[in-house]
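Chains as they are written, first to last, in this note's numbering: chain L, 1 to 116; chain A, 117 to 229.
A couple of the hints might just be wrong.
[What the hints assert, rightly or not] EDC-like, lysine to aspartate or glutamate: derived pairs with alpha carbons at most 20 Å apart:
1. L:K57 to L:E103
2. A:K119 to L:E103
3. A:K154 to L:D1
4. L:K9 to A:E160
5. A:K154 to L:E103
6. A:K119 to L:D1
Source of the hints: derived by calculation from the structure; they are not laboratory data.
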Amino acid sequence: DSGVTQTPKHLITATGQRVTLRCSPRSGDLSVYWYQQSLDQGLQFLIQYYNGEERAKGNILERFSAQQFPDLHSELNLSSLELGDSALYFCASSVGRALAPQETQYFGPGTRLLVL
Amino acid sequence: AQKVTQAQTEISVVEKEDVTLDCVYETRDTTYYLFWYKQPPSGELVFLIRRNSFDEQNEISGRYSWNFQKSTSSFNFTITASQVVDSAVYFCALNGAGNMLTFGGGTRLMVKP
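Kindly generate the complete structure, drawing on both the sequences and the hints.
Set out below in structure tokens:
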């Protein structure tokens with residue numbers, strides 16, 4: 001158990017809908033990262049938040065947005081869902097300096113999203 | 117740009133065999149960090165090891181060992197005396213000057229009894 005929690009574990013929804021994925025980092029970690037794992041794209045970095053502020057952005061679609069709240073939990077919002085958004089979405093956390101490639105990122109169990 | 121290549125998409129071995137998973141990376145950063153993660157059938161990503169670009173010492177942890185060679189940009193992972201519980205997808209990843217992990221495509225290891 002990494003100490004990172006994600007809810008829900010599974011999510012089934014329809015095209016065009018909007019969903020929110022939630023992540024609670026390990027106790028004391030300030031940085032939260034979101035990754036998408038799909039069959040065709042593999043594991044891809046989406047976005048990072050550090051202590052409430054966006055710090056790095058990867059291949060995140062405009063239909064997707066995220067935020068980190070004062071209690072450090074994070075939410076990833078996916079809107080206007082398409083079939084191709086079906087994937088496993090991981091949240092990771094690290095101790096947290098704003099720029100810290102040396103920090104180990106610990107991953108949550110993921111949220112499996114199926115768009116029908 | 118960073119890139120991680122795991123050329124072996126799938127490996128099948130019989131229990132107790134040794135197996136090496138290859139990882140080759142590309143980066144322009146002079147300081148960078150390499151990682152291995154394990155993804156068992158249950159789906160979570162489990163951290164195994166972190167190595168920085170200045171430390172080329174091999175590392176051993178039980179049945180696991182890692183060989184980092186900067187000259188060939190490789191960070192290979194060997195499992196000695198494999199067990200069925202080692203069956204998983206293994207990912208090599210790189211973090212350079214930024215905050216994002218760049219993952220390889222993964223190697224699916226199947227250990228048969």
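A quick look at each hint next to the structure:
With a C-alpha separation of about 17 Å, the suggested pairing of K57 (chain L) with E103 (chain L) holds against the 20 Å cut-off. For a cut-off of 20 Å, the pair hint linking K119 (chain A) to E103 (chain L) stands: about 19 Å separates their Cα positions. Pair hint K154 (chain A) plus D1 (chain L) holds up; C-alpha atoms about 13 Å apart against a cutoff of 20 Å. Taking the CA atoms of K9 (chain L) and E160 (chain A), the gap is about 11 Å. The hint holds against a cut of 20 Å.
Using a Cα cut-off of 20 Å, the hinted pair K154 (chain A) and E103 (chain L) holds, with the two alpha carbons roughly 17 Å apart. The hinted pair formed by K119 (chain A) and D1 (chain L) fails the criterion: a straight-line CA distance of about 29 Å is larger than 20 Å.
Figure legend: structure checked against the earlier numbered hints; the only hint not met is number 6.
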